[in-house]
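Participant: Each chain, letter by letter, is given below.
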Amino acid sequence: MKRLLLVAAMLALPAVVRAQDNVLHIYNWNDYIAPETVARFEKQCNCKVKQSYYSDNEELLAKLAAGAKGYDILVPTSNYVLGMAKAGWLQPLDKSRLPNLGNILPAYMNTPFDPGNKYSVPYAYTITMLGYNERKIKELGLTIDSWSAIFEPRILEKLKGRITVLDSQSELMAAALKYLGYSVNDRDPKHWEQAKQVILEAKPYWAAFKASGYIEQLAAGNIWLVHGYSSDIYLADQGAQEAKQPFRIRHALPREGAVLALDAMVIHKSAPRPDLAHQFINFMLDGKNSVDLTNMIGSGNPNGAALAHIKPEIKAMSAIFPDAETAKKLEMLKDMTSRERRTMNRIWTEIKAR
Amino acid sequence: MREKTPPGIVQEAASVPVKAPARLPASPGGRLARWLVSGPPLLYLAVFFAIPTLIMVLASFRFPGDFGGLAPIFYEDETGRHLDLTLENYSRFFSDFLYTELFIKSFAYAALTTLVCLLIAYPLAMLIARSPKKQRDLLVLLVILPFWSNFLIRVYAWMIILGPNSVFLGAFNRVLGVFGLEPVTLLYTPFAVVVGLVYVHLPFMVLPLYANLEKHDPALLDAAQDLGANAWNRFWRVTWPLSLPGVFAGAALVFIPAFGIFAIPDILGGTSGIMIGNVIKQQFLDTRDWPFGSVLSIVLTVTAVALAGLAAAFARRSRL
Numbered sequence: 001m002k003r004l005l006l007v008a009a010m011l012a013l014p015a016v017v018r019a020q021d022n023v024l025h026i027y028n029w030n031d032y033i034a035p036e037t038v039a040r041f042e043k044q045c046n047c048k049v050k051q052s053y054y055s056d057n058e059e060l061l062a063k064l065a066a067g068a069k070g071y072d073i074l075v076p077t078s079n080y081v082l083g084m085a086k087a088g089w090l091q092p093l094d095k096s097r098l099p100n101l102g103n104i105l106p107a108y109m110n111t112p113f114d115p116g117n118k119y120s121v122p123y124a125y126t127i128t129m130l131g132y133n134e135r136k137i138k139e140l141g142l143t144i145d146s147w148s149a150i151f152e153p154r155i156l157e158k159l160k161g162r163i164t165v166l167d168s169q170s171e172l173m174a175a176a177l178k179y180l181g182y183s184v185n186d187r188d189p190k191h192w193e194q195a196k197q198v199i200l201e202a203k204p205y206w207a208a209f210k211a212s213g214y215i216e217q218l219a220a221g222n223i224w225l226v227h228g229y230s231s232d233i234y235l236a237d238q239g240a241q242e243a244k245q246p247f248r249i250r251h252a253l254p255r256e257g258a259v260l261a262l263d264a265m266v267i268h269k270s271a272p273r274p275d276l277a278h279q280f281i282n283f284m285l286d287g288k289n290s291v292d293l294t295n296m297i298g299s300g301n302p303n304g305a306a307l308a309h310i311k312p313e314i315k316a317m318s319a320i321f322p323d324a325e326t327a328k329k330l331e332m333l334k335d336m337t338s339r340e341r342r343t344m345n346r347i348w349t350e351i352k353a354r
Numbered sequence: 001m002r003e004k005t006p007p008g009i010v011q012e013a014a015s016v017p018v019k020a021p022a023r024l025p026a027s028p029g030g031r032l033a034r035w036l037v038s039g040p041p042l043l044y045l046a047v048f049f050a051i052p053t054l055i056m057v058l059a060s061f062r063f064p065g066d067f068g069g070l071a072p073i074f075y076e077d078e079t080g081r082h083l084d085l086t087l088e089n090y091s092r093f094f095s096d097f098l099y100t101e102l103f104i105k106s107f108a109y110a111a112l113t114t115l116v117c118l119l120i121a122y123p124l125a126m127l128i129a130r131s132p133k134k135q136r137d138l139l140v141l142l143v144i145l146p147f148w149s150n151f152l153i154r155v156y157a158w159m160i161i162l163g164p165n166s167v168f169l170g171a172f173n174r175v176l177g178v179f180g181l182e183p184v185t186l187l188y189t190p191f192a193v194v195v196g197l198v199y200v201h202l203p204f205m206v207l208p209l210y211a212n213l214e215k216h217d218p219a220l221l222d223a224a225q226d227l228g229a230n231a232w233n234r235f236w237r238v239t240w241p242l243s244l245p246g247v248f249a250g251a252a253l254v255f256i257p258a259f260g261i262f263a264i265p266d267i268l269g270g271t272s273g274i275m276i277g278n279v280i281k282q283q284f285l286d287t288r289d290w291p292f293g294s295v296l297s298i299v300l301t302v303t304a305v306a307l308a309g310l311a312a313a314f315a316r317r318s319r320l
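Protein chains in written order, with the working numbering: chain A, 1 to 354; chain B, 1 to 320.
For the record, the hints were derived by calculation from the structure and aren't laboratory data. Among the clues, some could well be false.
Unchecked claim - EDC-like mimics (lysine to aspartate or glutamate), calculated; alpha carbons at most 16 Å apart, straight line:
{"id": "1", "chain 1": "A", "residue 1": "86", "chain 2": "B", "residue 2": "66"}
{"id": "2", "chain 1": "A", "residue 1": "50", "chain 2": "A", "residue 2": "31"}
{"id": "3", "chain 1": "B", "residue 1": "281", "chain 2": "A", "residue 2": "56"}
{"id": "4", "chain 1": "A", "residue 1": "160", "chain 2": "B", "residue 2": "182"}
{"id": "5", "chain 1": "A", "residue 1": "328", "chain 2": "A", "residue 2": "256"}
{"id": "6", "chain 1": "A", "residue 1": "196", "chain 2": "A", "residue 2": "350"}
As the list claims (entries may be wrong) - Derived, one-sided and incomplete: chain A residues facing chain B with beta-carbon distance under 7 Å:
{"id": "7", "residue": "161"}
{"id": "8", "residue": "203"}
{"id": "9", "residue": "222"}
{"id": "10", "residue": "345"}
{"id": "11", "residue": "349"}
{"id": "12", "residue": "350"}
{"id": "13", "residue": "353"}
The structure displayed is predicted, hence computed values, not measured ones. Glycine included, every Cβ here is placed at the ideal spot set by N, Cα and C.
Can you make the complete structure from the sequences, with help from the hints?
Facilitator: Structure follows, in structure tokens:
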């Protein structure tokens with residue numbers, strides 16, 4: 001009997017080890033991959049996918065800076081790719097293992113953040129814009145089509161205490177800079193000072209700075225106007241419909257332009273399974289897989305092969321899939337030097353403390 | 001950045017009346033026993049307090065790395081290898097009043113929280129201490145019951161309770177309306193922050209107070225009554241002075257964590273709700289400025305330790 005057990009254990013052991021090894025570790029944003037996509041990939045690769053989550057690029061960066069290991073795939077926003085590659089945290093992609101790479105639209109390839117896409121492959125994008133409670137805004141007789149909706153005291157008076165803005169120094173400053181007619185990547189201290197004044201004047205009318213909590217508040221009807229990410233605004237609308245609210249949540253892409261955040265898949269330098277990681281990236285480049293996320297959270301999709309499969313009501317949203325003319329006004333945030341970040345944080349601390 | 005209070009304060013302050021500290025014999029065996037007893041807590045303090053604090057102190061003299069972390073401690077140029085240390089992080093703190101202002105604001109929040117906690121916890125602790133023994137254990141259990149669910153979930157629950165669509169606030173505003181007053185907003189205000197802070201820290205005030213009050217000898221109150229003291233005098237001249245060590249212990253346990261907290265102002269606070277803890281968190285995340293975050297943490301730790309020392313000193317004096 002004992003010997004039988006031993007044999008059974010010896011037989012079982014390698015199986016356990018293999019099952020444990022056959023795991024792809026993805027470190028991703030919250031709710032940033034559809035469960036059915038994961039299930040399909042697990043079936044295809046005959047492996048397990050283990051996910052952990054971050055809510056902010058800086059959280060990801062802080063973790064990697066502290067020496068975190070064991071992740072295969074990371075999904076940072078493009079502007080972080082350059083820094084992560086320079087810091088030596090990424091490994092170059094083996095393009096021969098990514099035959100589906102051609103599906104990505106040329107506009108999203110070869111960005112200044114990763115020339116030649118040496119390290120990164122576009123995953124999805126969000127645009128930072130405005131979201132509003134359609135019924136309330138109509139009742140108040142307002143039109144939301146410009147950043148003035150969150151910065152102009154004349155308009156804000158009607159919305160006092162019903163607005164949240166993003167709890168992000170780079171995003172809020174970018175919105176104020178756009179409102180003033182500057183680039184989101186403007187580094188002129190005088191323009192920053194102007195943007196700070198715009199924010200300080202508008203601040204008394206805002207309810208709070210929120211990084212993600214605005215989704216529920218918008219869906220519940222507590223908050224009527226938000227400065228937020230396109231996919232979160234889409235989720236708020238879904239939430240409002242599920243709760244059978246008498247209103248819909250709508251997107252508004254300000255006419256001055258906005259920030260576009262292109263998230264990209266990269267492979268960590270010390271990835272335990274680069275082979276599975278390449279397999280996963282190629283899998284996600286398949287339009288049929290890439291489209292799941294767009295259909296789930298209304299994210300923008302840089303994959304040309306996915307466009308045909310997007311739900312018509314999402315594809316029709318001009319705020320998420322803008323025409324070529326509007327798309328020109330969208331900008332990606334560039335990384336700052338540590339000195340610029342210090343100055344920005346001094347401004348931000350003052351904004352939040354006042 | 002929630003700092004641990006030196007564990008000595010609670011036991012020391014809560015033990016009434018004073019007893020001479022127990023001494024182990026100075027024989028070699030006694031010395032070993034002493035090390036065995038004090039070793040684990042000392043090790044705990046060394047690993048989880050002293051070493052991280054030292055790392056923080058070192059980091060505060062260095063430059064931030066471009067992608068988070070710290071810049072290399074040595075840099076090289078034509079003239080050779082140099083130690084790259086600076087006082088700039090400190091001068092930045094002391095030359096800009098904005099950060100001191102935030103410390104003062106956090107201090108005010110923490111002080112108010114401590115006061116409100118004391119006012120709520122004192123009667124409660126007294127009630128528990130004077131209940132029959134059987135009910136006492138149950139009541140103490142009820143005080144610590146909230147710890148069984150996650151801290152963040154409990155704070156999120158307050159978002160619903162204080163939110164504009166809550167039943168509670170709706171009823172309250174209707175009452176205000178009867179008196180012709182404007183409806184009030186509670187969520188995202190300093191009031192919401194204080195409610196959250198008080199709610200989270202209340203048990204830390206109740207428990208040391210209870211531990212102290214429970215040990216009071218009821219005969220003292222009988223004697224005071226026999227000598228003609230009324231209810232107020234019995235409280236003010238007998239119970240209150242005897243309970244001071246418990247008050248100081250509770251105050252330290254509430255004040256110090258409340259001083260450095262960032263989660264509650266993040267969730268419940270409005271556009272001006274931030275405390276120094278939020279700024280420290282920003283330095284480590286948004287700004288990738290670990291050295292400056294370390295400076296702010298050091299100032300926070302020094303202030304907290306000084307205040308804990310002060311409370312301990314007061315507690316010792318009030319026992320004499």
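Participant: Hint by hint, say whether it matches the structure.
Facilitator: Consistency of the hints with the structure:
Between residue 86 of chain A and residue 66 of chain B the CA atoms are separated by roughly 10 Å; this keeps the pair inside 16 Å, and the hint holds. For the proposed pair residue 50 of chain A and residue 31 of chain A, the alpha carbon gap of about 14 Å is at most 16 Å, so the pair holds. For the given pair, residue 281 of chain B sits about 13 Å from residue 56 of chain A by alpha-carbon distance, which is consistent with the 16 Å threshold. Proximity of residue 160 of chain A to residue 182 of chain B is assessed by CA-CA distance (about 15 Å); at most 16 Å being required, the pair is judged to hold.
For a cut-off of 16 Å, the pair hint linking residue 328 of chain A to residue 256 of chain A stands: about 11 Å separates their Cα positions. Restraint check for residue 196 of chain A and residue 350 of chain A: the C-alpha separation of about 9 Å stays at or below 16 Å, so the hint holds. Contact between residue 161 of chain A and chain B, as hinted, is supported at the beta carbon level, the nearest pair being about 6 Å apart and thus within 7 Å. Checking residue 203 of chain A against chain B: minimum C-beta separation of about 5 Å stays under 7 Å; hint holds.
A distance limit of 7 Å between C-beta atoms decides the matter here; for residue 222 of chain A the minimum to chain B is near 5 Å, and the interface restraint holds. Checking residue 345 of chain A against chain B: minimum C-beta separation of about 4 Å stays under 7 Å; hint holds. Because the closest C-beta pair between residue 349 of chain A and chain B is about 6 Å apart, less than 7 Å, the hint holds. For residue 350 of chain A, the suggested interface contact is upheld, since its CB lies about 6 Å from the closest CB of chain B, less than 7 Å.
Hint on residue 353 of chain A holds. Least Cβ distance to chain B is approximately 5 Å, under the 7 Å limit.
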